[in-house]
Amino acid sequence: MLSVKVAWRNLWRNRRRTLLTAGAVGFAVLLVQLGMSFQAGSYEPMVEVSTRFASGHLQIQHVDYKDDPRTERFVSNTTELRSHLLDLPGINAVSNRTESFGLVNKDERSYGALVVGVDPQIDPSASHFSDQVTQGTYFDSPNSAIIGSALARNLRVSVGDEIVILSTDVDGSVAFIAPSVSGIFETGNDALDRSLVQVPRSLINDALMLEDSAHRVVIMIDQPMLPEQSSEVITPLVPSTASLLDWRELMPEISQSIRLDKISNGIVYGTLTVIVVLSIANTFVMTMFERTREFGTLRAVGMHNRSIFGMFITETILMWMLGVAIGYLLSTCALLPLINIGIGMDSMGMDQFAGLLFLPDRIYPAVDLKVVLVAPISIGVGMVLSTMLASIRLYRLSLVDALRYRE
Amino acid sequence: MNTFRLVLNLSLRNLWRQRRRNSILVVAITFAIGGVIVLNSMIRGMQVQMVDSVVENLSGHIKMHAPNYRDDPSMERGFVLDPIRVDESVEGLPVLGWAARITIPAVIMSERETRGASLIGIDPDRELISVVSNFKLEGEGLESTSDSRVLVGRSLLEELRTKLGRRIVLTTLDADGISKEIGFRIVGVYDAESESMEKSLVFTGRTALQELLNSSEVTEVSIRLKTRYAKQEDFDQVRKSFPELDVLDWQQVNPIVAFMYNTVNLVIYIWLGIVLGALVFGLVNTLITAVLERIHEFGLFRAVGMRSRIIVAQVICESVCLMILGIALGVAGSFLIYAWLYDGIDLSAFAEGVEMMGMSSQMKPAIVAHDVLVVVAVSITLAVVASFYPARRAVRMNPLDALRH
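Residue numbers (this note's numbering), protein chains in the order written: chain C, 1 to 407; chain Y, 1001 to 1405.
Hints were generated in silico from the structure; no laboratory data involved.
Every value quoted in this text rests on a predicted model; they were computed, and no experiment measured them.
It is possible that part of the hints are untrue.
[To be verified] Between beta-carbon pairs, the in silico distance windows are:
no., chain 1, residue 1, chain 2, residue 2, range
1, C, Gln135, Y, Leu1096, 42 to 48 Å
2, C, Thr241, Y, Leu1336, 54 to 60 Å
3, Y, Arg1404, C, Glu290, 16 to 22 Å
4, Y, Arg1166, C, Leu88, 43 to 49 Å
5, Y, Leu1373, C, Leu329, 34 to 40 Å
Even for Gly, the Cβ is constructed at its ideal location relative to N, Cα and C.
Here chain Y stands alone, though its shape is the one from the complex (with noise of 0.2 Å):
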């Protein structure tokens, strides 16, 4: 204990000895070590976003589809559902609920224009669990799952040329797969963040749709639990039950996002190993010279007898405590960039551009306290490496010789 104190004295003096020069790397370190945490949390809060936008946007966690549905979208591949088995299926799970819908391609024709959307069948009182609850509505929402009117977008609406409260007429395949006209009052107009999806989706009460198409099943069961992310064990047990059916996470039903969320976790320490990187040379320099300017010392001090293990420690522990102090000040720094940018950042100047990496145009910062002591654990011990060989150097030396230096 005696000896550790000696020892981190002695780092100290010395530190303070050259505090010029030290701060100076403490800067760099603190910049180095702030930037990753920075640019870390940035990439977390996309990730995240990607995460619960996907979810909220009508995949949520788990999916449930009839086989060959994904191909073929239509009333054809329905299945019949059976509430108390979906139920069954969740049991011990964080569900925060669950939707069964109908989600069939169709034509849309107004007085004057035509367009194709998906027309999907929802009971609202079930919606509560997706992006659907949360639409800025003009007029009215869906009452019930037999409310057979319909909630169209604003993009659309536009599109189509026609108001809230006209009549649209949708073409869509019906149970047998026959072309169908079904005339719909537009009951409500929603807003969403996405254009696309005021674009493309369409809704209306599921039972109702199921009368209109002559059918009693429905094409989809959308799960959503309370967590972020949904266990693979929680995934196996909802597909065991349901062996007749495709069940998919989220990762299969956006591909894409699902790539891009996994490249996130490679970035981050591709980006870390850059950094440090970086700095390694600095430090490494700063350290040669340290012990390089101290070999008349060094060998002073085991002339009167200091252990070169004693050494070693001493010129380990400079590196590790100037680390530490750099690591203080950009994780101190990090956090107020991050509180500072707590509010996200807007990046509407993109809005498509981030719309197709599945982002919102705000984009949030999310500090991961993983990542954080993933970047104090390696640059720790990137400090300890970088000063072995200087110190190794500074005891190799026989003591004769260094006192003649």
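Chain C extracted, bound-state conformation (with noise of 0.2 Å):
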């Protein structure tokens, strides 16, 4: 306890050197612990807007379906499979849907499009397209369709028109259906609104003779950023034709470029520790200079050069502490606020893009333990060592010359 004493008042003996060194660690760690809040806050909702407009968090799907999609390669029974997944705990929503490649005509007119078939009690629990529906509405009969509001544009389609579906069946044939337009959905997502076409599933599998087939099982979990887990609980289930994929397959774009972005900022907050960590430690050195004669004196009266050392390694962890509690308070100051308004992605102008890069009208940032113990700890790792870096003279010097060194 002496010794914390002895050291609280040693860093007070040079006042606006400890504030200084103290300020350079509550500055960095204030940085990296709001960079680090903001990515840890950013990366679950964009991951939770993409994934519901297209692939949800996991998949069950014909094992060569995502790198061929045909027609041919679905996975079936899927009503009983639903209501197995539905069972297991950590899921909250399952849909299946049915895919394929249509020729979308109205009169004379006709554009390609993606058709998916959905059944629409169950998917809204699993996307967002319902609430995208800007003119009509999600689904009115059996026999309807949703369809994005650029393609409507492009065939000159409204509400109640009919629209006449080419695709082919599983056996290669012509399949047709002519649902009418209930509703026109804008994502904001260009490809989404001119080539996205979405049907009851019933009426699609019907045409297509898919019976109770689905191409994509898509499952909706409560941790979507930790797939892995429920992959374990649902892999029993999955049919041995199909096979299971989460998200970071299903979009590797997504994941990639928050890949990309966690390595290119752990290099900024590297970059600004090392320099951090140089400045403080040529302010040891300077100390340990400043203070050879005290060192000489304390071993005069019989100090070993363990507790000198062991007195400078308290001085630097007090400072430590101080320096995270001002960082501490600082980044507490400005996340309090932050944590319950989050910050609009119109402030920064990105709110044109949206939809297009799937991102959240808002953002706000995350606290998690990561954020909170990263930066103190690899300052303070960075302090220690270069404590002993500059101790090494309190080695070297014998308790004469050390007494009698002049500055």
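Assembling the complex is the task here: the two chains are given apart, and the hints tell you how they should meet.
See the structure below:
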């Protein structure tokens, strides 16, 4: 306890230097924490938005469907599969979808589009499409369709019109359906708005002779950032001709840009930490020189080198704690309001791409254990190493030299 | 002049007196400056690459469409090409070339599969300005603008489960908005850097396509300049010549890439601010110590008649010298790293992710002289500012008190 007291007093012998050093620690902690908390807060919403417009969190599909999607590569008996899946823990929605590339015709006009068959009662629990219908309603009869806004304009289709969709069934023969358009959706994502049509799964499955099959069994789970846990539970239920894929495999561009973002930010944080630690190391070396005679005196009255070194380390740790406290205080002040309000994409000029890049409207910083600990621990390790480096002098100098030392 | 030499001399000797502590500070500065320049060069490299690939990938620097084409890309939204007018509109500009094309959505059917893609009618002789001329081809290329065969991307060919030399049927709308099915023979298969391009673009001759669709119009003209960036004046000149068309620059054609491009300029300065902010703590700490331990000395100088201005100048000079040394080492170090990374960093493990951001999977750094100058100027300013407070302390004390210190 005495050594802590002595170390604490030593720190305040040079108040300005202590405050500057602690300030440097606080500055680095604040910046790294702010950056990391925004990263941590943005990944999950980004995954959530993109999975709800596209792949879902996990999918069961025919083993070859992902590389080469064909109508005859389906998963069968999906209603039964769905009810088994829903009994598992950690799963909050399962939606079966049939897919087929089709030619959409209205009068003399025709465009190609991806035709997706969904169960109108079920699919809204796994996707955002039902909220994006801007004209008409989300499916009003078993023979209806919802269609992207750009496609509707290009086909000159409005709500209530009948469209004819031509496609090929499992045997390769031509199949067609003629639903009436009950709604037009606008997601903001050009590719979806231009080339997607959704119809009831019963309608398209009848036409393609798919019975109760689906091309994608889309599963939504409670912990989308940790799909491995759910995968383990689900795997026993996956049919032998099918495979289970998570969103990272289904949307590699999203998971890769998250990884790329983590790496590039890691480089930034690393450089920042090194600069701060070097500044601190410099301060420690200066301190050592100034206090050479003090060591001499302490050793002359019988203190061991080990104890003197211990005192230094204690000083370092106290200074580190002070700096981390400053950093925590500042980042709490900055983060508390932001965690509640978030930052709107519009304030960064990003709202125009929200649909295109699957961005949420607002991002809220998230604080987890990693955010709280990474910066303080890496700076702390750097500071202890710097102290050791600076203390080499302690062991090299003889008692007499130390006492005679003049600045 | 003599005063300046005296100040410089004193400063350098003082720095040498404390070489151990100063060298650590120089290492910190080197690290900071080097880190900033290396990171900036990567960001700039990415930026340059984004622009280059966007400009090369059919958008060019300036693009013209009929109004409403972008909302409803079809043959009905075409315009009559007047080559003489286009040539006149770009007169005096550093033009590499221009190309007129037809780009319309189409449904492609092979014997087995159906896919959607864009059908692009080109004049092969004019496509030297775009990525089309760099395609690695299996089979042949298109011979001329009246060649009515098609070039298909490798990925699309595989999805269609067809082969070079086979026929495919494309369904698209003609000039009257009526669906038309047209058979094409696959004359060549291309490999492009971007898989999404391979999947979505099918090329044929422009004149041939016009005949098949009963049209004499085109849907776009793309102009490529010799310079990397188009100037606003260049753009305005073209726009004035075609008031009836939508004349867009590459930023309007590719808003996401443009946004990222512009954000980058901001990121570079934020990063510079953060690093120098971190450096300031170490710099001020060292300088204050250096001043405080020499209070007695400064008192002596002033007692023998040295003016306080010169003492202030000396402290500032020490700080600036330290900074200059750190900058020199940092710049040298960053150029070494730049040379080492010159061939590019392989990002192919993130291929889809970088493609989404409009980058290529080889990231090449690019050092921009202007950025380096900004870094140097800002850090030297910082050295002056950071030393000012310690220097003032050095001379504020009464010489008698200082001597007794």
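For each hint, the structure was consulted:
no. : hint                             : in the structure
1   : C:Gln135 x Y:Leu1096: 42 to 48 Å : 45 Å, holds
2   : C:Thr241 x Y:Leu1336: 54 to 60 Å : 55 Å, holds
3   : Y:Arg1404 x C:Glu290: 16 to 22 Å : 19 Å, holds
4   : Y:Arg1166 x C:Leu88: 43 to 49 Å  : 47 Å, holds
5   : Y:Leu1373 x C:Leu329: 34 to 40 Å : 38 Å, holds
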